[in-house]
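If you read the sequences in order, they're chains H and L. Residue numbering for the first sequence follows UniProt numbering, beginning at 1 and increasing consecutively. Residue numbering for the second sequence follows UniProt numbering, beginning at 1 and increasing consecutively.
Worth flagging that the hints you see were computed from the coordinates, not collected in a lab. Just so you know, not all the hints are guaranteed correct.
With a straight-line cut-off of 27 Å between C-alpha atoms, the simulated DSSO-like cross-links for lysine-lysine are [said to hold, decoys possible]:
hint: 1; chain 1: L; residue 1: K89; chain 2: H; residue 2: K718
hint: 2; chain 1: H; residue 1: K661; chain 2: H; residue 2: K488
hint: 3; chain 1: L; residue 1: K306; chain 2: H; residue 2: K573
Part of the chain H face toward chain L, derived, beta carbon under 10 Å [claimed, not checked]:
hint: 4; residue: L239
hint: 5; residue: R243
hint: 6; residue: K247
hint: 7; residue: G539
hint: 8; residue: K542
hint: 9; residue: S680
hint: 10; residue: M685
hint: 11; residue: R715
hint: 12; residue: S722
hint: 13; residue: I723
Note that the structure is a prediction, hence the values are computed from the model and not measured. Every residue, glycine too, gets a C-beta built ideally from N, C-alpha and C.
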Amino acid sequence: MSSYRIEKFKQSYIHSKPSISIHRAVAFTQSHRETEGQSVIIRRAKAFNAVCSSIPITIFDNELIIGSIGEFQRSGIVCPEYSWKWVEQEMDSFSTRSQDQYQINEEDKEILRSEVFPYWRGKSLEETFLLRINDETAKLLIDTGVIDNDSKWRSAVGEITADYQDIIFNKGFEELKMHAVSRIQELEPITKEALEKIDFYRAAVLVCDGIIALAHRYSDKALVLAEEERDSKRKNELLEVARICRKVPQYPPETFHEAIQMVWFTQLGSILSENSLALNLGRFDQYMYPFFAHDVKAGIINEAQAQELIESLWLKLSEWVWAISSNTAQFFAGYNSFQNLTIGGRTRDGKDATNELSYMCLKATENVKTHQPGLSVRIHPDSPDEFLLAVCDLISVGTGFPAVHNDRVGSQMLLAAGLSPEDARDWSNCGCVVPHFRKVGEWTSAVNLNLAAAIEYALNSGRSRITGNVMGLLEKEITAFKSYDEVKEAFLRQLSHLIKHSVIGTVTAQQIHEEMVPRPYLSMLVDGCMDKGVDLSKGGAKYNVGPVITGIGVADVANSLMVIKKLIFEEKKYTLEELGKALAVNWKRYEEMRKDALACPKYGNDEDEVDSIAVEITDFYNKEIKSYKDYFGSPFNSAFMGISNYIPAGSIIGATPDGRKSMTPLTEGVSPHAGTDITSPTAAMRSAAKINHDVHSGGTLLNVKFSPDLLKTQRNKKNLASIIRAYFSLGAFHVQFNVISTEILRKAQEQPNDYKDLLVRVAGYSTQFVNLSREAQDAIIERTTYESL
Amino acid sequence: MKESNRIAGNVFQIQRWSVHDGDGIRSTVFLKGCPLRCKWCANPESWNPNPEILYFRDRCIGCAQCSLACNHQAIPMDGGIPLSFSREKCCCCGDCCEVCPNGAKKMIGSLMTVEEVIKILKRDSIFYRESKGGVTFSGGEPFAQSEFLREMILACKRLAIDTAVETSGFFEWEDAEDIVKELDTVFIDIKHMDEQVHKRLTGVSNRKILENVIRISQNHHDLIIRVPLISGVNDDRNNIEQMCQFLQENTRILGVELLPYHPLGSSKMSALDREGWEIFNAPDAEKVEHIKKIIAEYEIQNIDFK
Chain H
1 MSSYRIEKFK QSYIHSKPSI SIHRAVAFTQ SHRETEGQSV IIRRAKAFNA
51 VCSSIPITIF DNELIIGSIG EFQRSGIVCP EYSWKWVEQE MDSFSTRSQD
101 QYQINEEDKE ILRSEVFPYW RGKSLEETFL LRINDETAKL LIDTGVIDND
151 SKWRSAVGEI TADYQDIIFN KGFEELKMHA VSRIQELEPI TKEALEKIDF
201 YRAAVLVCDG IIALAHRYSD KALVLAEEER DSKRKNELLE VARICRKVPQ
251 YPPETFHEAI QMVWFTQLGS ILSENSLALN LGRFDQYMYP FFAHDVKAGI
301 INEAQAQELI ESLWLKLSEW VWAISSNTAQ FFAGYNSFQN LTIGGRTRDG
351 KDATNELSYM CLKATENVKT HQPGLSVRIH PDSPDEFLLA VCDLISVGTG
401 FPAVHNDRVG SQMLLAAGLS PEDARDWSNC GCVVPHFRKV GEWTSAVNLN
451 LAAAIEYALN SGRSRITGNV MGLLEKEITA FKSYDEVKEA FLRQLSHLIK
501 HSVIGTVTAQ QIHEEMVPRP YLSMLVDGCM DKGVDLSKGG AKYNVGPVIT
551 GIGVADVANS LMVIKKLIFE EKKYTLEELG KALAVNWKRY EEMRKDALAC
601 PKYGNDEDEV DSIAVEITDF YNKEIKSYKD YFGSPFNSAF MGISNYIPAG
651 SIIGATPDGR KSMTPLTEGV SPHAGTDITS PTAAMRSAAK INHDVHSGGT
701 LLNVKFSPDL LKTQRNKKNL ASIIRAYFSL GAFHVQFNVI STEILRKAQE
751 QPNDYKDLLV RVAGYSTQFV NLSREAQDAI IERTTYESL
Chain L
1 MKESNRIAGN VFQIQRWSVH DGDGIRSTVF LKGCPLRCKW CANPESWNPN
51 PEILYFRDRC IGCAQCSLAC NHQAIPMDGG IPLSFSREKC CCCGDCCEVC
101 PNGAKKMIGS LMTVEEVIKI LKRDSIFYRE SKGGVTFSGG EPFAQSEFLR
151 EMILACKRLA IDTAVETSGF FEWEDAEDIV KELDTVFIDI KHMDEQVHKR
201 LTGVSNRKIL ENVIRISQNH HDLIIRVPLI SGVNDDRNNI EQMCQFLQEN
251 TRILGVELLP YHPLGSSKMS ALDREGWEIF NAPDAEKVEH IKKIIAEYEI
301 QNIDFK
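Produce the entire structure from the sequences given, and follow the hints as far as they go.
Quick look at the structure:
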């Protein structure tokens with residue numbers, strides 16, 4: 001149970017509506033009008049500074065941790081420098097659309113229309129990307145659902161983990177600024193490199209000044225409120241808050257409260273700088289522990305107070321709603337901002353790292369039940385059993401949190417990506433299930449690639465079944481294939497083609513990002529940039545890891561190839577011609593064949609026959625992707641994770657040989673296709689573990705759904721802990737559990753108001769069930785529920 | 001391959017992720033064939049020691065595919081409509097099940113060798129290890145296939161897999177003694193203490209069962225008594241106290257697990273064209289708690305694998 005303060009705050013949070021705050025967009029634009037002709041990085045730093053100096057200062061009732069994105073308790077902001085057209089086109093339907101609604105008032109709309117958008121016409125990242133991307137790639141890449149990277153040109157990248165351990169808590173923004181000032185004095189503007197570095201350091205000074213100014217404005221406001229406050233307890237709180245904001249983030253924190261406030265200001269700066277996904281919190285229990293231990297020992301704070309501060313941060317992280325287009329909202333449903341926070345795991349020298357804060361973070365998520373932060377745990381063989389049981393306790397609550405990760409495999413993935421052993425041990429999650437490290441610059445979700453498109457093009461002469469357009473490589477008629485291997489080779493050829501265009505889409509975007517949208521503020525938070533004087537967007541981070549291309553629909557393609565192998569070439573029950581006809585008419589009048597297709601072995605039942613196809617495909621995918629290098633020379637990486645991308649990806653694919661009907665959802669991550677894993681959860685896990693997780697440095701994801709009856713008792717929770725350990729001993733990376741009965745979900749569909757705080761795991765993340773579209777809700781209900789046997 | 005691995009048994013289901021029949025995560029092997037005919041049986045398809053066919057009439061769409069597939073005139077057709085299903089003529093080849101488009105016909109039971117069963121059981125070894133689980137043999141009456149059961153248990157032992165058996169207790173001790181000694185856990189049912197009532201409800205006397213309870217407890221410490229608890233049939237104080245007295249005086253056991261009745265067997269009885277099944281009621285939660293208290297008064301532990 002949370003404190004009274006948190007409960008009250010949570011209630012007002014739940015009942016507030018996501019609303020668009022335009023102040024960031026207005027200030028950012030106004031600044032750009034005034035800086036024409038200056039270097040891009042300076043202009044962006046000045047604009048950030050202007051935002052910090054002008055956005056409204058909002059302190060909500062009884063807050064302990066302060067600082068708000070906008071004037072609303074749930075605020076979304078828009079960043080027209082990345083894209084603005086969709087906002088202009090869609091803002092009239094923001095409050096009525098099916099997924100992720102926002103409120104926006106008429107006056108603000110008018111300001112956006114008259115003052116903001118006109119400036120960015122022809123200047124946004126989106127427009128530039130669309131202008132520069134080659135036609136052949138564009139045909140596959142732009143709003144098709146075949147290969148999709150619009151989050152890399154309709155919005156900023158995000159995907160960083162602020163380095164509290166070695167930079168922020170250590171130095172504070174004042175020291176960073178002083179460092180930049182001294183470097184400027186050392187440098188002489190006589191080479192291209194030096195000119196660029198001088199610009200970088202000048203920008204650094206501006207962003208440091210900006211975030212410090214924002215904190216000072218909060219401090220001033222807290223003082224004003226303290227003066228007006230009649231309640232003496234609250235008055236003292238406000239005075240303390242004012243003192244803290246005068247100190248952090250300018251200077252290093254010394255107490256737990258100061259450190260948490262510093263985390264939030266740092267995060268607030270990141271959000272205001274680019275409004276992007278996956279601005280991660282990293283290993284919170286590790287970098288916060290010294291403050292906790294010190295304060296408890298010194299009697300400055302007790303555990304209940306620390307818990308309240310943690311829960312305050314959880315609510316703050318949930319206040320920001322990511323404003324996205326209705327198209328993007330299908331992929332990233334549920335206002336999710338993917339601010340991942342990782343607990344547990346090992347220390348840099350390989351010891352168990354679990355501490356009191358690890359448990360308190362689990363408790364915070366159980367208490368506040370907010371969709372942020374994305375709580376992830378790292379489990380290794382020596383993780384305390386009581387910690388894993390505490391994790392299972394939280395799983396059994398049914399919020400979908402935490403995502404459980406195999407500590408060792410995470411390290412292996414990062415070793416494979418080129419990190420040192422110590423750094424690889426020190427990993428934390430990015431977004432949903434990407435193993436990441438705070439000194440890494442990486443596009444962790446660069447492209448979503450629809451694997452089912454490759455099978456469709458292979459079997460349909462390169463054409464989309466839905467549109468009839470030639471999308472893939474030209475391919476012979478389906479009747480011309482003489483063997484299973486020929487079909488498989490055709491599929492792999494089509495897949496390679498999609499991979500190549502994914503690479504083109506990514507490096508084109510990387511080039512434009514370097515030119516147009518340097519990230520001076522985020523460059524302060526990631527180690528390497530400041531030392532080198534090189535922006536994050538130019539590869540300034542200590543490590544540059546190649547972009548991740550995520551495959552969607554492993555199960556669907558493995559199952560489809562299985563059907564072709566078995567029914568067409570082994571049993572010869574049908575011909576390819578018949579199959580082609582059945583797919584063309586979405587199985588209508590081919591019920592018998594569909595039944596046979598559905599009865600073929602399906603991935604997720606521990607049957608080697610079909611699982612081995614999944615392994616073959618995923619291994620090929622990895623090797624093919626790794627053969628390409630990105631804009632900075634780092635090899636690309638593979639992943640099988642999910643956002644809610646398997647739903648829109650399925651909507652552009654016709655019927656598939658596995659018996660799936662046209663336009664229905666595909667499968668997320670390495671999970672079995674919904675409703676086809678009928679053997680047992682252990683069989684599903686064994687199938688998933690056959691994939692070689694350690695090579696997919698971009699992460700893998702398995703979703704398992706349990707009915708709550710299976711997790712009521714301590715005995716059940718122990719069994720849950722056991723299957724997690726067993727799954728991890730098999731070498732798999734990640735598993736998450738949805739623990740909700742179908743009955744409850746149906747009720748929530750009918751009476752959303754009664755289930756506002758019902759959290760479900762969508763894929764790599766949890767969100768409020770009632771915030772999902774009907775389609776997404778139905779897909780969740782359909783996933784196999786392992787009822788009590 | 002070892003000769004013993006070729007021994008076959010009639011198995012009607014192997015259920016992985018079985019979490020209520022012993023410690024940890026288990027796989028349960030259901031063996032077909034049972035000498036008892038309990039009127040509440042949840043698995044009536046386990047009675048007959050041979051394969052047989054379940055026919056769910058409510059799922060039949062009358063397509064007559066089965067009639068066409070049947071080579072034994074067991075499903076005569078009249079004007080394209082299947083008339084009836086003759087169990088006398090049926091040889092249980094399963095051809096009709098293969099073609100049924102709607103799952104109305106289902107083949108129950110198949111002969112599997114020790115090797116084939118072990119291959120499936122081994123797949124979850126890592127889950128048994130992590131959870132201190134293992135394999136449970138259930139039925140039917142597992143000891144009715146004692147030769148097969150013995151080889152299965154020995155094969156599990158060789159793989160260091162924990163073993164348990166769920167038995168009705170109705171078997172010849174000479175056939176079972178050596179097997180019992182190899183088992184890690186034994187579950188045995190006591191359905192009623194009164195011989196006549198027992199006979200009426202299950203078709204057999206309880207004398208042999210109670211003797212076997214004593215024998216097993218003399219040979220085996222990890223013995224759990226299971227009571228299928230049925231309202232108005234065996235949940236009265238008198239019956240429960242008699243059982244507790246019997247256990248206290250004659251045995252050493254781990255404890256008693258109460259299994260409140262559920263009516264899941266009903267649809268299967270009609271799908272087997274069998275009669276003699278009755279609908280009972282489960283005692284309410286309060287009653288169950290009350291019975292647990294009585295058991296506890298006899299210093300017998302209440303065990304629960306929920």
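What are the numbers of the hints the structure violates, in ascending order? Hints 1, 3, 4, 5, 6, 7, 8 not satisfied by this model.
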